[in-house]
Amino acid sequence: MGDDLQSRRAVIAGVGVGGLTLALTACGGSSDSSASAQPPANESGAPAGGGLGKTSDIPVGGGTVFKDQKVVVTQPKSGEFKAFTAICTHQGCTVANVSNGTIDCPCHGSKFNIADGSVANGPAKQPLAEKQIKVEGDQITLA
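Position 8, counted from 1, in the sequence shown is what the numbering used here calls -9; the numbers after and before it change by one each time, with no gaps.
Please keep in mind that the hints were generated in silico from the structure rather than gathered at the bench.
Please read these numbers as outputs of a predicted model, since none were measured by experiment.
You can trust all of the hints, since none of them are fake.
Straight-line C-alpha distance at most 30 Å; calculated DSS-like pairs for lysine-lysine:
#1 50 with 60
#2 50 with 94
#3 117 with 37
#4 50 with 117
#5 53 with 94
#6 53 with 108
#7 60 with 94
#8 37 with 53
Derived CB-CB ranges, DEER-like:
#9 74 with 120: 33 to 41 Å
#10 99 with 77: 17 to 25 Å
#11 108 with 37: 28 to 36 Å
#12 36 with 113: 12 to 20 Å
#13 84 with 39: 18 to 26 Å
#14 98 with 40: 14 to 22 Å
#15 37 with 105: 31 to 39 Å
Every residue, glycine too, gets a C-beta built ideally from N, C-alpha and C.
Construct the entire structure; sequences and hints are all you get.
Take a look at the structure:
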């Protein structure tokens, strides 16, 4: 019976190593040069360098909320683009819109200045964290 037990252990160990090899191969890179690698994620969870939109999507004196990327991009002055987290610092709701020079949270009425993310109207006490973006031509991407 000792030989049977050792044989079973050898089979189980072999399957385990084979499964591990298969898993590592699946997780590893492909030798196909046409496969594209994903860029590393940034703090927002979106891929670094991920496209947000065009500069024409951001009105002067206003902004646009990109809910999937949890980012709000504003244009306080013509040609000046700013980005902030779209997560309200009061209780973590996603801001809903940008109007009249403020980024507005629908949950409790907090408002943040489009130029610097500072609190314009509470109950939030902390500003929205600034996010890094790149503006190249007419494209806005996460940095």
